[in-house]
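**Student:** Please build the complex by placing chain B on the supplied structure of chain A, with the hints as guidance.
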Amino acid sequence: MTEYVKFLVYRYRPEDGKKGVYADYDVPVKKGMTVLDGLIYIKENLDPTLSVRFSCRMAICGSCGMRVNGLEMLACHTQILGLRRKHIIVEPMRNFPLLRDLVTDMTPLFMKQKALKTWLIRRDELEQENPTIQYLQSEEELGKYLQFTYCIQCGLCYSACPVVSTFPAFLGPQSLMKVYRYFADSRDEVGRERVSFVDKFEGVWRCHFAGSCSAVCPKGVDPALAIQLLRREALK
Amino acid sequence: MLSQREGRTKVLQSLRVMLVPGRYGLERWSFVLQRISGVAVSLYFIAHILETGNFVGGITVWTVPEYSFAEAAHQKSVELLKNPVFDVGLAVIGFLVALHTFNGLRLILTHFGFLVGKPGRPEPFEQPASLNARQRALFWLSISLAVFALLYTLDALMGVFRV
Numbered sequence: 001m002t003e004y005v006k007f008l009v010y011r012y013r014p015e016d017g018k019k020g021v022y023a024d025y026d027v028p029v030k031k032g033m034t035v036l037d038g039l040i041y042i043k044e045n046l047d048p049t050l051s052v053r054f055s056c057r058m059a060i061c062g063s064c065g066m067r068v069n070g071l072e073m074l075a076c077h078t079q080i081l082g083l084r085r086k087h088i089i090v091e092p093m094r095n096f097p098l099l100r101d102l103v104t105d106m107t108p109l110f111m112k113q114k115a116l117k118t119w120l121i122r123r124d125e126l127e128q129e130n131p132t133i134q135y136l137q138s139e140e141e142l143g144k145y146l147q148f149t150y151c152i153q154c155g156l157c158y159s160a161c162p163v164v165s166t167f168p169a170f171l172g173p174q175s176l177m178k179v180y181r182y183f184a185d186s187r188d189e190v191g192r193e194r195v196s197f198v199d200k201f202e203g204v205w206r207c208h209f210a211g212s213c214s215a216v217c218p219k220g221v222d223p224a225l226a227i228q229l230l231r232r233e234a235l236k
Numbered sequence: 001m002l003s004q005r006e007g008r009t010k011v012l013q014s015l016r017v018m019l020v021p022g023r024y025g026l027e028r029w030s031f032v033l034q035r036i037s038g039v040a041v042s043l044y045f046i047a048h049i050l051e052t053g054n055f056v057g058g059i060t061v062w063t064v065p066e067y068s069f070a071e072a073a074h075q076k077s078v079e080l081l082k083n084p085v086f087d088v089g090l091a092v093i094g095f096l097v098a099l100h101t102f103n104g105l106r107l108i109l110t111h112f113g114f115l116v117g118k119p120g121r122p123e124p125f126e127q128p129a130s131l132n133a134r135q136r137a138l139f140w141l142s143i144s145l146a147v148f149a150l151l152y153t154l155d156a157l158m159g160v161f162r163v
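Taken in order, these protein sequences are the chains called A and B.
Sequential numbering of the first sequence, starting at 1, is according to the working numbering.
Sequential numbering of the second sequence, starting at 1, is according to the working numbering.
One chain only, chain A, in its complex shape:
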C-alpha cells in the first residue's frame, strides 16, 4: 500500500499583496525519496504554480535550502521517511527577502561576502593571474582552513542565525567564516588586515554563540568555530 505524507507548503505571491498561506498536498512517498522529490512531485502532478529553486539534487550546489519542520535543511539531502512525521511543514529560509513561495533572494549573503573580499589575494596580482610557481602547503597548513572550504553557500546558517534576524547589518556566520578561511590560508597575503575588516560592532563582536549556524550546516563547516577563532585573532 502506498504511504502518503501531507506536505504543508508556504505559498506567497508578491503580486497578491497578501501574507503567505500554507497549502497542503498529499504526496505518495517511498524509501529514498527526499523532500525535494516531494516538492517536484507536487509541481509536476498537483500544482505547477509552486516555485522552488533547485539544481544538482545531490547537496553540492546549495540551491534548495529551506526550513523543513522548523529547521534549516537542504531539501535534496533530507529523506522524507527519515523525518518520521505524517505532516511536513516546508517554509522558505528566514533572514532573506522572500521572492515567491520557497524562493528567497540571496543577495544579502553574496553582497556581504563581496564586501569582505573573501577570495585569495596575493600582493603580486600579475603573478597571481599568471603563476609561474606552485603555492605549496604542508598538511598542517591545509588543516587550518580545509574544513571551511566545504561551504556551498546555501545560506542555511544565515537563515538560522538569531542575530541576523534582529540585526540585519550583522555580517552573518557565512561571511565571517569565509574571512577566517582566507585569514588561515598560508597562500593569502592580506594577513591581519582581514581581521580588521570584521573587528567591528556588526562583525565578530555581534556573534553571541547561539551555535545554530553550526547545528544546521549540511556540510559540517562549523561557522561558529571560525567566528570564535576569528574573535581570538581580533583580541590579539
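Each hint should be verified, as a subset may be incorrect.
[Claimed, not checked] If you want the footprint, here are the derived chain A segments under chain B, 3+ residues with CB under 8 Å:
1) 38-48
2) 144-157
3) 162-168
4) 222-229
[To be verified] Once the Cα atoms are required to be at most 27 Å apart in a straight line, the calculated DSS-like pairs of lysine-lysine come out as:
5) B:LYS10 with A:LYS18
6) A:LYS200 with B:LYS10
7) A:LYS117 with B:LYS118
8) A:LYS219 with B:LYS10
It should be emphasised that the hints constitute simulated quantities derived from the structure, not laboratory data.
Just so you know, these numbers come straight off a predicted model, no measurement behind them.
Where is the CB? At the ideal position from N, CA and C, for every residue including glycine.
**Tutor:** Only chain B this time, still in chain A's reference frame:
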C-alpha cells in the same frame, strides 16, 4: 520603505526568532536564556535603585534627608515587599543572576577561543567541534548552580527547607 503594519510584523517576527529556541539545540537555549536573564536583571537593577533611592528622598531630591525619614521610608519598603510574591520574584532573580554569571563566564572563555575545539575534517553526521561536550557540560553546570541559587534564596526568604 516598510509600512507601519509590515514593520510591526517584522519586529514581532524577529522577537519570535530571538526568544523561541526551536529545534536548534542546547546552545540556542543558552542564547535565549542569556538574553532573557540579561534583560530581566537589568530591569530589576533599575527597579532596585529606584526603590532604595526612596530611602534618601527619591530621584527628585538632591540633599540627604534626616535619618528618621530614611528609617521610616525603609520600614515602608520592607512592609511593602514582605509578601510571598516578591519573595518568589527575588528567588527567580537569584536564579537569573547566577545563570547569567556562570553561563557568561563560559561565553567569555568561548569568545577568547577556548573550549571550542580545532578545525578538522568533518565527517557525515558528526557533531560540530564548537558544539562539544565540554561546552554542554559547562552550560549544565551553570543551570545547576542557578537552581542552587534559586533554592538557597527561597530558603533564605521563605524558609521552605526549614523544619
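**Student:** For the pair supplied as a hint, LYS117 of chain A and LYS118 of chain B, confirm whether the alpha-carbon distance does not exceed 27 Å.
**Tutor:** holds (24 Å)
**Student:** Are there at least three residues in the region 162-168 of chain A whose beta carbon sits under 8 Å from a beta carbon of chain B?
**Tutor:** holds (count 3)
**Student:** Does the structure keep LYS10 of chain B and LYS18 of chain A at a Cα separation of 27 Å or less?
**Tutor:** Cα-Cα ~15 Å, so holds.
**Student:** Does the region 38-48 of chain A contain three or more residues whose Cβ lies closer than 8 Å to a Cβ of chain B?
**Tutor:** violated (count 0)
**Student:** Taking 8 Å as the Cβ threshold, is the statement that the region 144-157 of chain A is covered by chain B upheld or broken by the three-residue rule?
**Tutor:** holds (count 6)
**Student:** Compare the distance between the alpha carbons of LYS219 of chain A and LYS10 of chain B with 27 Å, and conclude whether the hinted pair is satisfied.
**Tutor:** violated (30 Å)
**Student:** When I compare C-beta atoms, does the region 222-229 of chain A have three or more residues closer than 8 Å to chain B?
**Tutor:** Three-residue rule met by the region 222-229 of chain A, so holds; n is 6.
**Student:** Taking 27 Å as the top limit, are the C-alpha atoms of LYS200 of chain A and LYS10 of chain B close enough?
**Tutor:** holds (25 Å)
In this structure, the hints that do not hold are numbers 1 and 8, in rising order.
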